[in-house]
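Chemist: Quick mapping for you: the protein sequence lines, in order, are chains A and B. Position 70, counted from 1, in the first sequence is what the numbering used here calls 85; the numbers after and before it change by one each time, with no gaps. Position 122, counted from 1, in the second sequence is what the numbering used here calls 137; the numbers after and before it change by one each time, with no gaps.
Just so you know, not all the hints are guaranteed correct.
Which copy? The list can't say, so a pair holds if one copy fits it or any two copies do.
Stated by the list, open to error - Within a straight-line C-alpha distance of at most 30 angstroms, the following computed DSBU-like cross-link-like pairs (lysine-lysine) qualify:
id: 1; residue 1: K36; residue 2: K344
id: 2; residue 1: K208; residue 2: K150
id: 3; residue 1: K36; residue 2: K129
id: 4; residue 1: K150; residue 2: K345
id: 5; residue 1: K327; residue 2: K36
id: 6; residue 1: K129; residue 2: K209
id: 7; residue 1: K36; residue 2: K345
id: 8; residue 1: K129; residue 2: K166
id: 9; residue 1: K166; residue 2: K327
id: 10; residue 1: K166; residue 2: K150
id: 11; residue 1: K150; residue 2: K209
id: 12; residue 1: K345; residue 2: K327
id: 13; residue 1: K129; residue 2: K327
id: 14; residue 1: K208; residue 2: K166
id: 15; residue 1: K344; residue 2: K166
id: 16; residue 1: K209; residue 2: K345
id: 17; residue 1: K209; residue 2: K166
These are calculated hints, taken from the structure and not from any lab test.
Residue-level listing of the chains:
Protein chains: 2
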Amino acid sequence: MSTVALDSIVAQALGRIEDRKIDHVFFVACGGSLSIMYPAKFMLDQYSSVLASDVYNAAEFTARAPRRLTPNALVILCSMTGTTRETVAATEFARAAGAYTVVLTTEPDSPLGKAGDCVVGFEAPYTTGVPIDAKDSNYARIYQIVLGLVKIFDGVDKLDTLLASLGGFQDAIDRAHECFAPHFDAYAPRLAKKDVVYTMASGADYGAAYSFSICVLMEMQWINSQAIHANEFFHGPFEILDREAAFILFMGLDSTRPLTERAETFLNRFGAQENVLVLDAATLDLSGIDPAFHGNFAPLIFFDTLWRFAYKIADLRDHEMLEARRYMKKLHDY
Amino acid sequence: MSTVALDSIVAQALGRIEDRKIDHVFFVACGGSLSIMYPAKFMLDQYSSVLASDVYNAAEFTARAPRRLTPNALVILCSMTGTTRETVAATEFARAAGAYTVVLTTEPDSPLGKAGDCVVGFEAPYTTGVPIDAKDSNYARIYQIVLGLVKIFDGVDKLDTLLASLGGFQDAIDRAHECFAPHFDAYAPRLAKKDVVYTMASGADYGAAYSFSICVLMEMQWINSQAIHANEFFHGPFEILDREAAFILFMGLDSTRPLTERAETFLNRFGAQENVLVLDAATLDLSGIDPAFHGNFAPLIFFDTLWRFAYKIADLRDHEMLEARRYMKKLHDY
């Protein structure tokens, strides 16, 4: 385990950004790629008093055309394949407004790669088929950008601590797989039978819950879902809770953790234990990751480990993860 | 129909704000009150290049403690009864950080009313039991604040046009009730039978869809739901669409309307017409409202008219709207 070097393209992008008067960051993508923007904004909210930010679906961003999109804006966009049309269009729209665009994709020669001012590559197991080191993932790269911005604009340098923590990241994920495995084994048969499975989270972890709801449960398994915010739960959604209701609660380690603790207490009181899967990051061994970043790394560990749970559910439902689709990649005219 | 006067407390708040260097607006509330903050942010995004903004659940806001919360921040909070604990705590937290707080409540003597720097009253049929004029609603007051801010900080004066449009607002809502009534009559029996009903919207209308999902379908009727963003739909959620799936699509009139048009085409192609309720604001007579604000008023009309649909569903399910609760207002220790 050793410190990771700052990605050379991220370093290049930060060099260009340094010369601009950035006052707003837009995090823009669609679906699964959008979900990783939530922890990125959480980190910027934690560390920057200078940079305001928004997270927008790419089509929403372009159609909304927020007035804060000026030559002083930085727009960070992501699409794994680089072919997501709405994200490519958003990049072109942002550049036409004079903003600086940093795009993340596994395919630098893709339409998205060609559209951005600066192209940061990353690795995804989905495309390579072989395991990757999490330090090379999109969220690891975006965290480098965010803390690079904080160093430039707020004069607070947390980048070295992040890079050192990224060195221990994959080991922590590997240990988390082992820690969560018994829970996944126990709950996959129970949740695979459900027509509706809710996820719940707060703070940095909301994106991980959102991604599991829309990309895994709805898209891949055709199970109804919603990613409920852990406090919004108490202002309406909790009324659907009975002993049959299925929930996956993501308990993270950031400053919003008490919100999920309150939700856990309520789920345990009125739900049935066999239908409520609690994934608690406090049970993980995160040694090698600086304690200041435990809350920021928790969602990334949820993103990663939950794929194994997804495959278990898929097997039990006989519903192939990557092929069973009604529309996506089957239709070409929508 | 005549121009509405600027609310005197809103005028007072704007006077105080004028002397401060505001650079960020936080819209903060819980549940149904949070949902009206979405169209408010949309309007600010449309008109202000000076003011950045965030919409946060009140507990999330306090626990997250964004670094942009400084004495230069304005925090706008809302709770109908003024007793929502998280919103009261968020107000105290914001004031302690030196930010200026404007609270909206129907009860100025409530804990929230006492916590804020400035208390804007409003009327809600829920509390008075008698019909109100929509010009006195919380969203009408918040729009006055938003365009007051735009006038001060961006030097763009749309306030008089807004006030004139608010004069014609209740009439437009009354006509909308008539226009939507046949749809509500036709779809209430179909959707009342469903275990899952999704709502879908984009732009200014997202909050109205969110509110109907969490406060009406989930809280009051114990029907599973999610408010899906109309473009995110195509990046995962659309895979759950079959001919049994139930959707309510909110088609608004702002610049994001094409996103809902694409969703409508898809729902019509692969869903069943009897399970897909399309509420199209383009079918409404909005005379009296300045065309520049049609997109901003559409969600407010959805908020209002949909209560009648909610009561129809409640009758059919024999599930009393205001009393049938498992937990809310029945438990006092959560």
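Chemist: Please go over all the hints and tell whether each is borne out by the structure.
Modeler: Against the structure, the hints:
Proximity of K36 and K344 under a CA criterion of 30 angstroms is satisfied in neither setting, with 41 angstroms inside one chain copy and 50 angstroms between copies. With identical chains, the CA atoms of K208 and K150 are never at most 30 angstroms apart, being 35 angstroms at best within one copy and 48 angstroms at best between copies. In this homomeric assembly, K36 and K129 come within 30 angstroms of each other (Cα to Cα) only inside a single copy, at 25 angstroms, whereas the closest approach across copies is 40 angstroms. Taking identical chains as interchangeable, the C-alpha atoms of K150 and K345 are never at most 30 angstroms apart, the minima being 33 angstroms within one chain and 48 angstroms between chains.
For a Cα distance limit of 30 angstroms, the shortest separation of K327 from K36 qualifies neither inside one copy, at 48 angstroms, nor across copies, at 54 angstroms. In this homomeric assembly, K129 and K209 never come within 30 angstroms of each other (Cα to Cα): the closest approach is 43 angstroms inside a single copy and 46 angstroms across copies. Proximity of K36 to K345 under the C-alpha cut-off of 30 angstroms is found in neither arrangement, the shortest distances being 44 angstroms within a copy and 53 angstroms between copies. Proximity of K129 to K166 under the C-alpha cut-off of 30 angstroms is restricted to the intra-copy arrangement: shortest distance 28 angstroms within a copy versus 40 angstroms between copies.
Taking the shortest Cα distances, K166 and K327 never come within 30 angstroms of each other, neither inside one copy (42 angstroms) nor across copies (56 angstroms). Proximity of K166 and K150 under a CA criterion of 30 angstroms is satisfied intra-copy only: 20 angstroms inside one chain copy versus 47 angstroms between copies. With identical chains, the CA atoms of K150 and K209 are never at most 30 angstroms apart, being 35 angstroms at best within one copy and 45 angstroms at best between copies. Only within a single protomer do K345 and K327 lie at most 30 angstroms apart by alpha-carbon distance; the minimum there is 24 angstroms, versus 39 angstroms between protomers.
For a Cα distance limit of 30 angstroms, the shortest separation of K129 from K327 qualifies neither inside one copy, at 37 angstroms, nor across copies, at 53 angstroms. Within a single copy, K208 and K166 get their C-alpha atoms no closer than 48 angstroms, and across copies no closer than 55 angstroms, so neither meets the 30 angstroms cut-off. When the C-alpha separation of K344 and K166 is checked against a cutoff of 30 angstroms, the pair qualifies neither within a copy, at 41 angstroms, nor between copies, at 47 angstroms. For a Cα distance limit of 30 angstroms, the shortest separation of K209 from K345 qualifies both inside one copy, at 26 angstroms, and across copies, at 28 angstroms.
For the identical chains of this complex, K209 and K166 are neighbours neither inside a copy (47 angstroms) nor across copies (52 angstroms), given an alpha-carbon limit of 30 angstroms.
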